[in-house]
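Join the two chains into one complex using the hints; note that each chain is given alone, in its own frame.
Just so you know, the protein sequences line up as chains C and F, in that order.
Those letters in the first sequence? Residues 24 to 315, by the numbering used here.
Those letters in the second sequence? Residues 5 to 491, by the numbering used here.
Calculated from the structure, these hints are not laboratory results.
Incorrect hints may have been included.
[To be verified] Straight-line alpha carbon distances no greater than 30 Å define the calculated DSSO-like cross-link-like pairs of lysine-lysine that follow: (1) C/K154 / F/K258; (2) F/K443 / C/K292; (3) F/K258 / C/K268; (4) C/K188 / F/K443; (5) C/K154 / F/K98; (6) C/K292 / F/K158; (7) F/K258 / C/K78.
[Stated by the list, open to error] Label pairs and their computed distance ranges (CB to CB): (8) F/K41 / C/P168: 36 to 46 Å; (9) C/P168 / F/K29: 34 to 44 Å; (10) F/E314 / C/G48: 23 to 33 Å; (11) C/G271 / F/S315: 48 to 58 Å; (12) C/D153 / F/P426: 30 to 40 Å; (13) F/E417 / C/K89: 48 to 58 Å; (14) F/A43 / C/D153: 50 to 60 Å; (15) F/I361 / C/G291: 50 to 60 Å; (16) C/A99 / F/F155: 18 to 28 Å; (17) F/E314 / C/P164: 30 to 40 Å; (18) C/K67 / F/Q393: 54 to 64 Å; (19) F/K339 / C/P164: 22 to 32 Å.
All C-beta atoms in this analysis are idealised placements derived from N, C-alpha and C, irrespective of residue type, glycine included.
The residues making up each chain are set out below.
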Amino acid sequence: MSRNGTSGNNGRLDVRKTYKMLIGGAFVRSESGRALDVMAPGGKWLGHVCRASRKDFRNAVVVARKAASGWAGATAYLKGQILYRAAEMLEGRASGFREVLQSIGLSPAAAKAEVAQAIDLLVYYAGWSDKYLQVFGAVNPVATPHFNFSVTEPMGVVAYVAGEKRPLLDLVAGIAPIVVGGNAVITLSTGRAAVAAMELGEVLETSDFPPGVINLLCGLREELVGQMASHMDVNALVIQGGEVKEHGAVRESCALNLKRFFLRDQSGKEDEDPYRILDTVEIKTTWHPVGG
Amino acid sequence: MIKTSTTVGSDWGYAPAPESADHFKLKDHYGLFIGGKFAPAVSGKRFKTINPANEKVIAEVADGGEKDVDRAVKAARTAYDKVWRKMSGRERGKYLYRIARIIQERARELAVVESMDGGKPIRESRDVDIPLAAAHFFYHAGWADKLGYAFPGKSVAPVGVAGQIIPWNFPLLMVAWKVAPALACGNTVVLKPAETTPLTALLFAEICQEAGLPEGVFNLVTGAGSTGAALVNHPGLDKVAFTGSTEVGKAIQKSLAGRGTRLTLELGGKAAHIIFEDATIDQAVEGIINGIYFNQGHVCCAGSRLLVQESVEQEVVAKLKARMETLIVGDPLDKNTDIGAINSKAQCDRIRDYLKIGEEEGAELFQTQCSVPEKGYWIRPSFFTKVAQSHRIVQEEIFGPVLAIQSFRTLNEALEKANNTPYGLSGGVWTDKGAKIFKVTRGIRAGVIWANTFNKFDPTSPFGGYKESGYGREGGRHGLRPYVELS
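This is chain F alone, in the form it adopts within the complex (with noise of 0.2 Å):
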């Protein structure tokens, strides 16, 4: 008897295919980083972070206090002071290509190791993330010299010592786009990555190390919310820079104020892809695909709100669900998955909660059928559709797979919709007419458009939002602006 399936992976399975994790050997326990040197917590607290596709713990880490961010700060000033500042951009550059060469050097361990922390795919980690980091390195080691050509007419000098607060979608190419552009601006630096995913980070520590990084340069201080608020909160910042949500980025700049503290803030979306009937829709529908469910959703600046026009709306969404159920959920180590393990229990939680509030809100969900293992952190593929605008899906971030579609008849409906959220870092639109991909892309009110294409990133490329998605830029020329003082 032959057997008969409405799905492509049941008669069509892929043998597993995992990366293999036995080239490198992970510590036990990781301490804190400050002024070069490796060390236990002063509290000598520790925290487990675990992988979130299996439970399972990878490793101990330091739990920082108050009395640890005081040290890294003044290791930071220390070596800023003494050294850092005074340094040719030159020899700084120098020091930000061989951190560049190291990450490539050691891609593959960073890239399983950051599949193993966060739960990502382990196809975006080596493809993705990893070559990003080490390209933004490479790109920023370039200007530590230039800056003046940055800057016409002014003259140009570091800010001093910046706190850096990183979240745990993409953690090491968040070190990245934080360090990178304060090194090279002649800064040092205090950073702390997000409590579920240090691991990177701190082999971020050991580059610094084995590339000679001047101590006190670059200091690291893992723990969780608390440890970023003492870090935010020491008065020995010159400049704090947070990706996360926005409400902690409000407390930020709250907390900030009567200090006058530099801030720059990339915050949350809540992004409109916009596809037009005359959109090459095939490839639009792989642009919704890689625009929300690439890294399980967890993505600042995902495609979360779809607006097709009604009349391809069918079509969309028939041939949304078709593509959906050939994506493989699964094993984050695992070549051929297209989707990974929700990074924690916390955050599996309030995505269940979201779709719990669509459907009271009145939406429609749809899941696709796809199995799942049974430890760890999943969610299915979603989307909702039956959504009005003013429902809490299509007004507030998710951060996961789970998408809103709505539809509309004309272009300026489109654009309403579109900017019809507090949020405006990123937005996207499918057309094959050249005049409207302009007339869109302008019209949208945020910092980052993709036409025809969606989730592509590059250290030359300037990054971030405009209203409640934060202010300043990462990346590009533009990107050095928030850690130099113009005069």
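Just chain C, same shape as in the assembly (with noise of 0.2 Å):
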């Protein structure tokens, strides 16, 4: 993120980014107009993000719950093929990304390691696609002449609030899980991550998720947080970091509708669990006679 110099290389002039947020598979602006400041860990000041409002959110949800249902019946196939353009346009940026983990404070070894965990991350999930089921579902040897068995799917739309520890990689290993397991997620980033969110967009938006499949929002956690919690239609909330104050009333606030809550580590050693894959599917069972 070179947004600070007046002047670049040879006097030329730098064209800046505006960093907007990826809604529906378009690149806005917040609807509120609101943009907050970015700041590097010296106090130097990087740049504007949006900050979202809790409009923004609900119009998310609205797009996400359109694109759910699409995402959900494409093939285990495609979603790992997609999941694995994403590694592929992530790795042909990394240089850039490096870059922008480094402006918002990273050392260039942890920019570097960043970077590269996120790519191989990406491609993990990928792998899982059309395996999951095959580990998580079950035929089930009932007692009576019927053929059962248990398959996973998807939630629906899920909102994932991620850390800022790992700015690049936090976000990455919440979003894989989630739309992995066929949902729609929409996601939000909280200070100096935001950057690294926004950039991710670009990523994304070029991998071929259908629009709306992915939904990334900035702003401030603590006036957006509780919206994601009490949301009617979304059917999850990923959070991680934050306070315990805060999970207790964002776990109250999912009692409305019985959202599944989850909080995450950022420890980094859960990064790569399948496990994750199932806390936002469902249990589906189905009975059928075997029978003449």
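Shown next, in the form of structure tokens:
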């Protein structure tokens, strides 16, 4: 991110990027018209990102809900290829992402490692796409003359609040298991991580995800998390970071429509974990008689 | 003169065939079961449990309060720390096998008590509830030493002490659904049965004694809603499992929110039962009957909304009426009885309220003409036609023998209507076309789908809901997940 320079090399003025959120396949500013400053760790001003409103979130839910059934119905092979495509796109922009991460305070080594891990994580979950049903589904030997089987189905629309510790990786580690499970997702990135998130939007938008499957917002956590928890058309909420008090309030709001709630750890040890896919899918069991 | 009648029952009545209750003796009163021993409540209070078929008191039961709950949770914690978590899976499993066997040995007693205390027909207690309860313990017993295979790539540990609250519609079976997976996975339990049906849970406590189950592994605190609240709010629990209404489920989630205690909820339902014109209609009618009139309709997964394709609506409704007129409503202990007593006066009033609401909303009520006993709580098999999707009798769970009938023209319309409630527990479809079955079973947003059958249960088969019907599964490999910690 080189937005702070008034002039670049050879007296040429930099062309700055206006960071926009990704909602329904379009890059948009907040409907509220508000913006937030992004500061580098030393206090240097880096630029603006959108400050999403509750209305932006509700709009995102509408487009995500529309996109959800198509994505749920896409073949596992296709979903896997699209996730893999996202890894390809990120790999192609790896050096740019390393620069962005460094501009928001990561060391060169940390930035390099984080970008590499994010790419590999997309490849990891791409591979699960046509396998997790085989691992987590079941044919159940009932004691009556019925054929009985259990399959996974997407929950629908899942909201995800990413932590700030690993600006790129926390977001990718949240999104990948949710979308490979066939859900549409709306994410919230905050603070310095918002910059990495908005960059990631450009990667995801060129990876063949149908519009609305992944929606990336940025803004203030305390302003939006309550709306995410209480929205009646969101099926699950996954949260990283935050205070115990916030988690309690969020869990309470989730009770309004029995939204599924999951707290993600930030250690990175569980980034690669197919049981995360299992969190945001439902188990459906079907009975059918066996007979003439 | 030859008497003519339109109903089969009046020409060909059945002689009474009551199941005897002389092969066992219930106590006058029962205590709480804490730390392996029966004891009265600290307050000394008791409440009466009555037979809803004749309103007679069967026994008195201790009314557990906060202090009792506290004692029970502490007993469960001690048993967890000192005995149960340390025991090998193989040994834990052997206790569960013992329990399964004793349930089978005492099956007739358990079935009769279940029908006396809850009002369900003896045929159902005998053939469904009690055998399935035994099967649940037998199934889960075998998991106790094989949990690593249920969760590939993970190491498995128990969660700790589980507080479990169960409803009155399948009293002993719900004990089994809750207790068997918890114990198999190495947890200890404090269970609160429903206040109208505590007796088979108390007999289960005796069975735990007979099985030699270590003290405190299973604890039972009887009482009403306040006892349940005391249990849920006890800080010593690692996990809460609740089966009951969506309203109470939401309240429990709220009250646990600040603590982050693990929670699974198995809540209400309003299942769509979809009949296509290419279904085998006679079989489908049997399915409809089983779907809504099984256990007086006191079934969270009951097929309480019938969606019938317009072209066969008249035929299905006519056949349904004729079949309903043959249903025998009456003494739960009579082996001929199809539909027993409504579980309690409160529930009976609630169902009557809904019958009134349905008529006020403009729907047309049909009820069978059968006679019902004078004493006790009874509702004749009922359905509504001319109902709209927005009617309360379509949107809300009635939990009684009341069906709402709607029609549809296309498959997509059927799915649209089926999914248009906040619930998502179960659903059903009848058609002879294989591809259509898969399209519909996939399209219904619910956790359990019956195709060309309904209301079937098995310990190997996961059960649980989508949306506001709760979360978590009971039964099968998936039912173990709420009771283990993975790392």
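Hint says 50 to 60 Å; check whether the CB-CB distance for F/A43 and C/D153 agrees.
-> holds (56 Å)
In this structure, is the beta-carbon distance linking F/E314 and C/G48 contained in 23 to 33 Å?
-> About 39 Å separates the Cβ atoms of F/E314 and C/G48, which means 23 to 33 Å is violated.
Hint consistency between F/K258 and C/K78 [alpha-carbon to alpha-carbon, up to 30 Å] | holds (25 Å)
Agreement of C/K154 and F/K98 with the hint, judged by alpha carbon distance not exceeding 30 Å = Answer violated: C/K154 to F/K98 is near 35 Å, above 30 Å.
Given the hint of 34 to 44 Å, check if C/P168 and F/K29 actually sit that far apart at their C-beta atoms.
-> holds (39 Å)
Decide if the proposed pair is consistent with the structure: C/K154 and F/K258, CA atoms, cutoff 30 Å inclusive.
-> violated (36 Å)
F/Q393 and C/K67 - C-beta distance against the hinted 54 to 64 Å = holds (58 Å)
Outcome of range test on Cβ distance (F/E314, C/P164; 30 to 40 Å) = Hint holds: Cβ distance 39 Å, inside 30 to 40 Å.
Just tell me: holds or violated, for the beta carbon distance of C/D153 and F/P426 against 30 to 40 Å?
-> holds (32 Å)
Range hint 48 to 58 Å: satisfied by the CB atoms of C/G271 and F/S315?
-> Roughly 54 Å apart at Cβ, these two residues keep to the hinted range, so it holds.
Take the C-alpha atoms of C/K292 and F/K158, compute the straight-line distance between them, and say whether it is at most 30 Å.
-> holds (13 Å)
Keeping to a limit of 30 Å between CA atoms, is the pair of C/K188 and F/K443 held or broken?
-> violated (44 Å)
Taken one by one, the earlier hints fail for this structure at numbers 1, 2, 4, 5, 10, 13, listed in ascending order.
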